[in-house]
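Colleague: Read off the chains here:
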Amino acid sequence: HLFSVEGDAIKVFVRVRPPSDRTVLTDGDHGLCLSVLSSNTIRLHSKPEPKIFTFDYVANMETTQESVFSSVAKNIVESCMNGYNGTIFAYGQTGSGKTFTMMDVGCHLGIRNVYVNYCVFQAGSGKSFLCKCSFIEIYNEQIFDLLDSASAGLFLREHIKKGVFVDGAVEQVLSSAAEAYQVLTTGWRNRRVASTSMNRESSRSHAVFTITVESMEKNNEVVNIRSSLLNLVDLAGSERQKDTHTEGLRLKEAGNINRSLSCLGQVITALVDVGNGKQRHICYRDSKLTFLLRDSLGGNAKTCIIANVHPGSKCFGETLSTLNFAQRAKLIKNKVRKLLCLY
Amino acid sequence: MAAGAGWPAVCEKFRAARTLSAVESLKDPETEPYRSKYSARALLQEVKQLLSAAEEGGEAVLAVRRAVLEYELGVNHTDTEELSAGEEHLQRCTQLLEPHRLSPDCVSLYIQAQNNLGILWSQRDEIETAQTYLESAEALYNQYMKEDGNPPLDPSEHFMAEEEKLTDQERSKRFEKAYTHTLYYLAQVYQHLDMIEKAAQYCHTTLKRQLEYCGYYPVEWARNAATLSQYYLSKECFMEARHCLAAASVIFSQAGQVPSAEDADETEPDQQDLPERKGEIARCWIKYCLNLLQSARKLLEDNIGELDPDRQLELKAQRKKEEDEKEKGRKKAVLFGTSDICDSVLAMEEKVSSVYPLDFQEAREVFLVGQNYVQEAKEFFQVDGYVTDHIEIVQDHSALFKVLAFFEEDYERRCKMHKRRIDMLEPIYADLNPQYYLLICRQLQCELADTYYEMMDLKVAIGNRLEKLDSHTVKKINSLAQFAIKYYELFLDSLRNPDKVFPEKLEEDVLRPAMVAKFHIARLYGKLITSDSKKQLENMQTSLEYYTFLVDYCEKYPDAVPAIETELELSKEMVNLLPGSMERLRAKVSSFV
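Listed in order, the protein sequences are those of chains W and P.
The first sequence maps to residues 207 to 549 in our numbering.
The second sequence maps to residues -19 to 573 in our numbering.
One thing to keep in mind: the hints can contain errors.
Claimed, not checked - Stretch-level coverage of chain W by chain P, calculated; a stretch enters the list once three of its residues show a Cβ under 8 Å from a Cβ in chain P: (1) 358 to 366; (2) 484 to 491; (3) 508 to 515.
Rather than coming from a laboratory, the hints here were simulated on the basis of the structure.
Since this is a predicted model, take the numbers as computed values, not measurements.
All C-beta atoms in this analysis are idealised placements derived from N, C-alpha and C, irrespective of residue type, glycine included.
Put together the whole structure using the sequences plus the hints.
Modeller: In structure tokens:
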């Protein structure tokens, strides 16, 4: 018996940001490439036929942060307190409102909610809780700790009880929601500092903010420890991924360095994947992001993707590809590994 | 020629353009990514203006020089994302060269122009067009090597002073490299076109040429060859798979050696990963041994999965007849390396067979090789830090024992092999946190259950040979059955939701395992031995419940039927038979009272 990674279907949400130029709003739909039809459908004004997309939830330009939170993230955040792992991804092109959504809805409200629940649980009987967080950035397949700007090049490891972790990443113990938010903003600032000092753009890196909630329960001398993770992931701008992944049939060229025909390995890997049903070992690992998240995503984990789009007609192409991606994600049953490869 | 711009000045400009394009452009700021490329382009245009037939050599030489410039301009335009302009220049280059394309002056340039046209068309998503350019480059190389074969001029030499010209050795090196690139691009083309076999063949040839022309990093090369072996495994080409692995191991051992002076500036990129790469190659070897054994098993088993002695004799006779013949022909085509390397590779190959093992002795030899690689792989992939990898290796180890047991005729010894599997899997399962490793936990639950089940079956078979079942055997059978039931139930429990409710409808990927678990539990309750009739009735009742689950489920969800056809048929039979047997037993019990 060989099972694939399975679990609940991924919930997919779409959020439309207001255009930066408010004036276009005054003349109706003019200048916009889409309209929100209902709380789960969206119409893209494509030619010759408009295209209708259906998602689990669509937030229009007027939707507040609070209501995005309660329809999208609340469920995941709450089940985290019940021992589920949860992951919220923000996806979309640079400027589509990913960071706005993620920082506020995912993190700020998320943390606050964790804390509201935390206090409720804490007050209840028998259990004691510990809340910790870490904040890392994956850029160019390297891991940086945003809570320790001096560190560089951290490694991923696995623990038989605790799953995948970033070896050496700072874990900050939290005592209040305000403190958590403080940690987050510090990390965010580090991300900006790094992006100027090392010429790495934030739109090219993934940021992963992780809250770990550990509960300890004493049951007749037996101590029961449970921990669950809430991962808040700000993915790199989708337009950047296009350069590298969705380029279709392009050939990879031989490297500048004399000997390196560096993608030969990937070509071979692609050949091996076809031979299914047979036992084989592939020498090329998943990407860091996939590896970090794979165990918290498989099985008893809850996942959602918030696809952010900019409604301006200039962004038509990107918006279409974001909506297409989100549509595909909806069809995939939490095979997140596959999904991220696709991404 | 214009005043003041003699030939040396032209050459100097050309050289400057190449430096700008290849070296300076790497340092361009992100805001002006093509700055140096544009400067190079301007220089190349100047050189083009300065060229005239007045120089020595006449029309033919001029045409080739123009072609070189068109080539450089073509590459420059495609580098700066101006594909149409790039295409025009490259086309002009090939037109100029067309009449002389087989001459040593032009052949290399022509091939490189075709390579670049191939890349260009792939950027336009027209892979078939790319294919025609690359295949014609390939054909030209072959024709040239057949008809002439002398080291041809490198394109850069057309703008060099006589005293700077390259040695034959260097010329040949560069020419062969251009052709290696053709093959490397073709490998990608065929992969994109789903011509998998051809793609594999071109990957293989690319690897082979990297070795021949010393253009490789040992670790990277070894990793690629080891990966290619896994492709051959999926095609059951064990000879080729073994050759790739042997070569991977041999080349890997070169890693970290002091590079020759010429290459001193090019150290291998990932030296610090050596132990990990070594572990990975070992894991490819494990899969090799495992697949060879499993394929042999498939050939040898009868319809109930036991070793078929007639088939065994037949295959042994057949093997004697065809021995080597076919293999030798195939082998020539894929052999890696030149004399020295080749000898080491062949020596490495001798350590394990590439033909199907047909009896226990042969199977054991393959098994032992696999087991050695298990130890080697575990040296790096330790459970602390590499949980998933480590467990996968242990699972392979268990699978090696499982397939070896097939070849073992003695039931007691076979049972011991399965016990070894239990001993390696059970402790890992006990430690593993299902919250993070649910998938692996389920795999282990099922595998442990199946192993206990198999051991129980073996003990029953052993017991059947005895005149009377002794109490020790009975106890053993019952305890094995209980363990099997325990792990099947653990697996089924893992499917429950947090409120402990079993799903109404099973997900596609767990459907078959869950149904088989139910079916096996039903059978296991049927096998439990007891002298207590009341207990026996209870067991039969439980058994009936599990069989009924299968039948009812398939009635409710008919699309589940194809996944478990055989089990369903047997379950239906049992659902019909069991109540009768239970009735008879009840009658017997009450008649005693």
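Colleague: Each hint should be assessed against the structure and marked as holding or not.
Modeller: A quick look at each hint next to the structure:
With a cut-off of 8 Å between beta carbons, the segment 358 to 366 of chain W has 4 residues touching chain P; three or more are needed, and the interface restraint holds. Counting residues of the segment 484 to 491 of chain W whose beta-carbon sits less than 8 Å from any beta-carbon of chain P gives 7, enough to reach three: the coverage restraint holds. For the segment 508 to 515 of chain W, the stated coverage by chain P is not satisfied: 0 residues place a CB nearer than 8 Å to a CB of that chain, which falls below the threshold of 3.
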